[in-house]
Amino acid sequence: MSNLDNLKQEFNKNLSQISNSEQLTALHIKYLGRNGLINDLLKKIKEIPNEEKKQYGTQVNLLKKEIEEKINAKTKELSSKKSDKFFDKTMPGKQYPKGSSHIISYAIEEITKIFEKISFIRVSYPEVDWEYSAFESLNMPKGHPARDDFETSYIDTPPHPKFGKMVLTPHTSNGQNREMRRVKNPPIRMINISKCYRPNWDATHTPMFYQFEGLCVDKDINITNLKGTLDYFAEKYFGRGTKTRLRPHHFQFTEPSFEVDVTCTVCKGSAKVNGKKCKVCKSGWLELGGTGMVHPNVLKEGGINPNEFTGWAFGFGIERVIMMKYGLDDIRNYYGGDIRFLEQF
Amino acid sequence: MNIKITHNWLLEYLETDATADQIREYLSLCGPSVESATKVDGDWVYDIEIISNRIDYASVLGISQEAAAILPMFGKKAKLKFDPLTAYKFTKIKENNSGLSLNVKIEDKNLCSRFTAVIFDNVKIGPSPKFISERVLAAGIKSINNAVDVSNYLMLTLGQPVHVFDYDEIKKQTMIMRESKKGEKITTLDEQEITLPGGDIVIEDGSGRLVDLCGIMGGLNSAISNKTKRIILFVQTYNKEKVRKTVMNTGVRTVAATYFEKGLDEERVEATLVYGTELLQKYASAKLASKIYDIYPNPYKKKTIVIKLETFEKLIGIKIDRKKIREILTNLGFGAEEKKDFLTVTVPSYRKYDISIPEDLVEEVARIYGYQNIPSRLQAPSYVEQPKEMEDLFVFQNKIKLLLKHLGLNEVINYSMVSKEMIQDSGLKIEDHLRLSNSISEDIEYLRITLFPSLYKNIKDNIGKKDIMRFFEIGKVYLPRKNDLPEENYRLGIATNTDYFDLKGIVEAVYKELNIKLDVTENIKEKNGIFVTEIELSKLIKNYQSVPKFKQLNQYSVIKLDKTFILDKNNTYRSLKEKALSSKLLINVEVVSQFNNKLTLRFYYSSMDRNLIEEEAKGELDKLV
Chain A
0 MSNLDNLKQE
10 FNKNLSQISN
20 SEQLTALHIK
30 YLGRNGLIND
40 LLKKIKEIPN
50 EEKKQYGTQV
60 NLLKKEIEEK
70 INAKTKELSS
80 KKSDKFFDKT
90 MPGKQYPKGS
100 SHIISYAIEE
110 ITKIFEKISF
120 IRVSYPEVDW
130 EYSAFESLNM
140 PKGHPARDDF
150 ETSYIDTPPH
160 PKFGKMVLTP
170 HTSNGQNREM
180 RRVKNPPIRM
190 INISKCYRPN
200 WDATHTPMFY
210 QFEGLCVDKD
220 INITNLKGTL
230 DYFAEKYFGR
240 GTKTRLRPHH
250 FQFTEPSFEV
260 DVTCTVCKGS
270 AKVNGKKCKV
280 CKSGWLELGG
290 TGMVHPNVLK
300 EGGINPNEFT
310 GWAFGFGIER
320 VIMMKYGLDD
330 IRNYYGGDIR
340 FLEQF
Chain B
0 MNIKITHNWL
10 LEYLETDATA
20 DQIREYLSLC
30 GPSVESATKV
40 DGDWVYDIEI
50 ISNRIDYASV
60 LGISQEAAAI
70 LPMFGKKAKL
80 KFDPLTAYKF
90 TKIKENNSGL
100 SLNVKIEDKN
110 LCSRFTAVIF
120 DNVKIGPSPK
130 FISERVLAAG
140 IKSINNAVDV
150 SNYLMLTLGQ
160 PVHVFDYDEI
170 KKQTMIMRES
180 KKGEKITTLD
190 EQEITLPGGD
200 IVIEDGSGRL
210 VDLCGIMGGL
220 NSAISNKTKR
230 IILFVQTYNK
240 EKVRKTVMNT
250 GVRTVAATYF
260 EKGLDEERVE
270 ATLVYGTELL
280 QKYASAKLAS
290 KIYDIYPNPY
300 KKKTIVIKLE
310 TFEKLIGIKI
320 DRKKIREILT
330 NLGFGAEEKK
340 DFLTVTVPSY
350 RKYDISIPED
360 LVEEVARIYG
370 YQNIPSRLQA
380 PSYVEQPKEM
390 EDLFVFQNKI
400 KLLLKHLGLN
410 EVINYSMVSK
420 EMIQDSGLKI
430 EDHLRLSNSI
440 SEDIEYLRIT
450 LFPSLYKNIK
460 DNIGKKDIMR
470 FFEIGKVYLP
480 RKNDLPEENY
490 RLGIATNTDY
500 FDLKGIVEAV
510 YKELNIKLDV
520 TENIKEKNGI
530 FVTEIELSKL
540 IKNYQSVPKF
550 KQLNQYSVIK
560 LDKTFILDKN
570 NTYRSLKEKA
580 LSSKLLINVE
590 VVSQFNNKLT
600 LRFYYSSMDR
610 NLIEEEAKGE
620 LDKLV
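Protein chains in written order, with numbering that gives the first Met the number 0: chain A, 0 to 344; chain B, 0 to 624.
Next up, chain B with everything else stripped away, as it sits in the complex:
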């Protein structure tokens, strides 16, 4: 989430001699990231990132508070001109008990941690004063009329979203806050009809109409119009989980909702209502015509954290002066009391969600002290044994990747998920695969149990781009297991559009590289001219030898004999080779040539302890036929 506020607006709360660029730079280092400061009509617009746990600084006031703590660390003057949280109290408002009233019923106090409202009479709806409409526009919000703009202006200034109702459209002056029922409908201010999923926080008026989808958007039926005379200023803090759930389930995400869903400070409600009253009185001629409605069942109790002072040094790595620590915390609005080696820190209400353990305080002190002021020291190395089976996985992948690359293959990495179509095309069963329950695309719905479907697709997708294709992938497959995580196995998959022996040769090369004495299995498949194979990485790891077995060099003569055979079902290359190898004198067999089913082989005969004569070798070879 980002907010946009202007420099002059900030200066209403912050007294400083820092320039806009300095504010951008220094705040980004120690607090909110100010992504840009853009000059606009004699003012600067800051675009600021709000991290999820710091909704408290998503406002002009919040940024002023941060700036007041950060800028002095860079030698800049900075302090809050005044604190609206203490300046705007209910006591500032003159209630009018004899005027208008509202019957409020909250069915479940878990829905709304604080409920406040006041009613105004004689409201004159019209354009906003220039400074309000300009600032609201700079923040990226449409300017509508004085009442609505004031509500947005309040949210941006103090970080508390606000709603205004047309009082006369709240039938029987009754508001019942409750959970929605599934299928109930509400038409919101943007004229969209929303069917509610149920369990959403809503307000029903005395005639049974829904007038507010709380925390998200008001109902169209009670919106402010040019004819509106009486309005309700409505400031609440809602159950954040409920708001979030409604946003997720309806897909309706408003700026107000992005505040409410993060959890807001109940203590800020009072200041917002009072400041809002002041603005409406001033810019919409509104007359306060009711008492202040304030339902606040569990007021904020001061939260304290005790931290050992040495914890700061332990985590930051350098010693920061105790006085400095206290100063930083105080500038951020914390109370800090030192007692011997401990610091008792009081957490301001607006930080109650994100500050709860000592480490949180370390972060506060370290960031304001400045991460750029903390030195950089590599920790000492320390030996940790890498499990052999993990090491092997990576060592072998690298070996194989390099080999195949040098053989001219292209490595591909495919998604681990495949489509139903790909599975069926490969003749596999859908039910053998794990399925994603919330897949965003049919293309990636199932976890693959083999690399084949992806590799087929790789070749098919590249037809026309290159004539000869040889791909390989080393990746996991995910084999389902009952009541357990799937078995995740690495496999080597190879695919070519060449021929059987091309692919077989590649596999043989892998085996040779790893000194594996295994026959290349028949696991080579062909479909539409695409050849694929797949090998378990664990099988390669299990059978490999780092260096082949050394053979004594032979000083005696080697006799080479060529012979041609007719191949058939019973006389295959393999069977001939196996038979030939039964001779103790045979040291090697090579293919010389093949023409149709005529195969010429070359046999190498030798002995380790004497010179053979040709007749002996011939005798061995004759045994073959």
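Same shape as in the complex, but just chain A:
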């Protein structure tokens, strides 16, 4: 063994003294040539006791490999030193392919992770559902304006005797009743992200869009918890220091109901940019979406006793949060399939 170690030390010493390629060639022959030192070692294998032969062989081979690598490295080093050609380090590197994810995919991933950390599970429910899941179970009886032809897309099939007509879900809230019935006994910690549809197509609306819906049902859930969750989300998604506020509003499936604003991502809530009025927001705030405490009728429809459990829910637009965070304001680009839009992300 010590033989090998000595040889290794010797080689390292020799190598360190090399300064041109002639010397290196000589060194190569000395160690790796047909009659070089390594081959000498291999020939000696006959003298090694049988039980040690295998180990000896492996060791010599490893050393050989190490020497080869070091000589190669030195060769490269010498050749680059020698070259006095101009080496333009500012040239681009080798081109690797770069594709793109859809901006919506980024947001979905980001939002899912934010809520996973506080124990919310992402679920998947139908995008084509019955009126019951989309409306009745959410305290929106027949005749409610949201059920108009102008607000909801219907499918041309015979209605279900019990659950009504088939609709393209106009919101992710159809997941509320479905998740309550799936889980049966709270706690419920749901995040439902899905495509939604409404018959509206203009500069600020597309007939398909994404929403993310949060639902939390448990013992003793109250407004402070909703506020806590919204603050948490706003800080994580829009950045440190983002604040939220609730304003009174009305939704059929929550009571009390609120609209949530977050501090403007451009002026940070000051309503001023360089001493001028912020063009993006209304007095420092941007509207995020609707939320509230789950209406007792919605809990009841989900088979949950509203005297025992309470909950909160929200439904926000993904395109809206992307717009607020990244300023991508023409929503029609999202689903237009234009490569010049897609490849940017």
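If you're looking for bench data, these hints aren't it; they were derived computationally from the structure. It cannot be assumed that every hint is accurate.
DMTMM-like mimics (lysine to aspartate or glutamate), calculated; alpha carbons at most 25 Å apart, straight line [as the list claims (entries may be wrong)]:
id	chain 1	residue 1	chain 2	residue 2
1	A	Lys218	B	Glu312
2	A	Lys194	B	Glu309
3	A	Lys235	B	Glu384
4	B	Lys524	B	Glu535
5	A	Lys53	A	Glu65
6	B	Lys91	B	Glu277
7	B	Lys404	B	Asp391
8	B	Lys338	A	Glu307
9	A	Lys161	B	Glu487
10	A	Lys194	B	Glu441
11	B	Lys322	A	Asp219
12	B	Lys339	A	Glu307
13	B	Lys239	B	Glu266
14	B	Lys459	A	Asp201
15	A	Lys276	B	Asp20
16	B	Lys428	B	Asp483
17	A	Lys183	A	Glu135
18	A	Lys194	B	Glu535
19	B	Lys307	A	Glu108
20	B	Lys313	A	Asp329
21	A	Lys278	B	Asp20
22	B	Lys503	B	Asp518
23	B	Lys290	B	Glu266
24	B	Lys578	B	Glu619
25	B	Lys511	A	Glu108
26	A	Lys112	B	Glu388
27	A	Lys194	B	Asp431
28	A	Lys299	B	Glu277
29	B	Lys404	A	Asp329
30	A	Lys281	B	Glu34
31	B	Lys459	B	Glu533
32	A	Lys218	B	Glu266
33	B	Lys576	B	Asp501
34	B	Lys307	A	Glu300
35	B	Lys290	B	Asp107
36	B	Lys516	B	Glu533
37	A	Lys275	B	Asp40
Add chain B to chain A, keeping to what the hints say.
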């Protein structure tokens, strides 16, 4: 819906030391959203959002009532100067039973929950006083003449739309309120002829003419003109569903209709009629010339709600002093009586539609107390098991999206709906698709059953923008099922404008990433130089392995042999590979090169327990030919 009112107008009802900006800010936090307060000629115009269940505050009075409850919470003085609902009673009017009259017949009492009217004589139609025309204009309504402006002014002040008829144009002094028949026509004040869908609330006069499309707009035939001498002041509350239906079916949406369709307070009708009489007498020299017509079959009965006091804390999350709770409710016009642990709350008539359960009262107390004064506390985490099949859907989508992105593909998200043309272009049958019954565009009429049509379109639409295109989409398709919701399946679709093997390589890369040992199927289609394929996500999930099966490292030599074959129908790469793999010594096959139908393959032979000699390997390879 938004309304515009002015600060000075508000101050006629509200006594306060709050500035316009404070009113804007504080009301927005606790009540109606005041979207802006704009200074105009020494006054301020507020632009206020009216949420759908609070039509009761869509007026100067309504905003004053809210302000009187909200502003004191911010340390501002605020109270109503007087309450028109108690100040303006019928008893304030001197009826004139000997004068003019009207025969009123309501065919169905379900059409109109309260009907009131009075007739005036000696009316002088002319311009409105300045304050009325200015305020009506500030609200965004055209100023016409004193009688019409008064009707709009009443609506904005008290939140109750009003109509005025030319009395002499109501033939035979008769009004019959009934449902319209399908196809009946009425020409409204804006000179538009409307063909009625049927079931709309209308009024017919004694000559059979329609004179009013109730709740929406009056008829042109009985409009106020400069020659009008006698008018009817007309204040009603209508069946809200019927008004809404007419709006939807005719597309005629007026400001009055946006009030009526939300349901109005019958109790406010009286104050409106009395205040209207006062204004017409004052600003149109009108002389009251009839009795008061008031048909009110079901007067409002006091509604009470009993709430456990602990419910407030349970939902809000903090304790609010009982006295404070009562004070907030009282300031909002509720009656609140405390008995042990319960509060009995009396609901004012104008809140009867939106306040019906204890939670509604919690909202009232919490918002006035101020959401900004409620602390923020994240609830404790709680473990809920995520169903494996749901988790898989998202985990795999992410894996695949990332891989394909790094391979240089562009992710696209297409509409779930496609056009008839796209379906036919792809050789699919229309009847295999679900159809939207109320689609707003032919482009999005059917639910897709495959991703192909959209992906074809993506490539076609981008021609000229980029030379080489590789798109992918992971999205649902909607496969119809009889008497049930469609089957919604996620699929991975890939489209390129390159060549067959480029696309096949992409699919193989996906399989490799997921350690799927499956042959890439022949499911690659080509049309006009566009290559597409589609894979069920569930198939990938079913066949994947998180980590490939570990193979013992081989210490023995590997023998590499190259051989060239002529490819034909019977000698394909696949058949050669399969044959070669029948040798236990073969560990791998690689393509070295291909020239026309000449294919050179490299075979790797080795054994796990000894060194092979070249002859053995050659022997194995020779078996192939």
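Now the hints, each set against the structure:
| no. | hint | verdict |
| --- | --- | --- |
| 1 | A:Lys218 with B:Glu312 | 13 Å, holds |
| 2 | A:Lys194 with B:Glu309 | 40 Å, violated |
| 3 | A:Lys235 with B:Glu384 | 24 Å, holds |
| 4 | B:Lys524 with B:Glu535 | 16 Å, holds |
| 5 | A:Lys53 with A:Glu65 | 19 Å, holds |
| 6 | B:Lys91 with B:Glu277 | 9 Å, holds |
| 7 | B:Lys404 with B:Asp391 | 20 Å, holds |
| 8 | B:Lys338 with A:Glu307 | 24 Å, holds |
| 9 | A:Lys161 with B:Glu487 | 21 Å, holds |
| 10 | A:Lys194 with B:Glu441 | 20 Å, holds |
| 11 | B:Lys322 with A:Asp219 | 24 Å, holds |
| 12 | B:Lys339 with A:Glu307 | 22 Å, holds |
| 13 | B:Lys239 with B:Glu266 | 16 Å, holds |
| 14 | B:Lys459 with A:Asp201 | 24 Å, holds |
| 15 | A:Lys276 with B:Asp20 | 16 Å, holds |
| 16 | B:Lys428 with B:Asp483 | 20 Å, holds |
| 17 | A:Lys183 with A:Glu135 | 19 Å, holds |
| 18 | A:Lys194 with B:Glu535 | 19 Å, holds |
| 19 | B:Lys307 with A:Glu108 | 43 Å, violated |
| 20 | B:Lys313 with A:Asp329 | 43 Å, violated |
| 21 | A:Lys278 with B:Asp20 | 19 Å, holds |
| 22 | B:Lys503 with B:Asp518 | 10 Å, holds |
| 23 | B:Lys290 with B:Glu266 | 19 Å, holds |
| 24 | B:Lys578 with B:Glu619 | 11 Å, holds |
| 25 | B:Lys511 with A:Glu108 | 24 Å, holds |
| 26 | A:Lys112 with B:Glu388 | 18 Å, holds |
| 27 | A:Lys194 with B:Asp431 | 22 Å, holds |
| 28 | A:Lys299 with B:Glu277 | 51 Å, violated |
| 29 | B:Lys404 with A:Asp329 | 24 Å, holds |
| 30 | A:Lys281 with B:Glu34 | 8 Å, holds |
| 31 | B:Lys459 with B:Glu533 | 18 Å, holds |
| 32 | A:Lys218 with B:Glu266 | 41 Å, violated |
| 33 | B:Lys576 with B:Asp501 | 21 Å, holds |
| 34 | B:Lys307 with A:Glu300 | 23 Å, holds |
| 35 | B:Lys290 with B:Asp107 | 23 Å, holds |
| 36 | B:Lys516 with B:Glu533 | 18 Å, holds |
| 37 | A:Lys275 with B:Asp40 | 24 Å, holds |
The structure is inconsistent with the numbered hints 2, 19, 20, 28, 32, although it conforms to all the rest.
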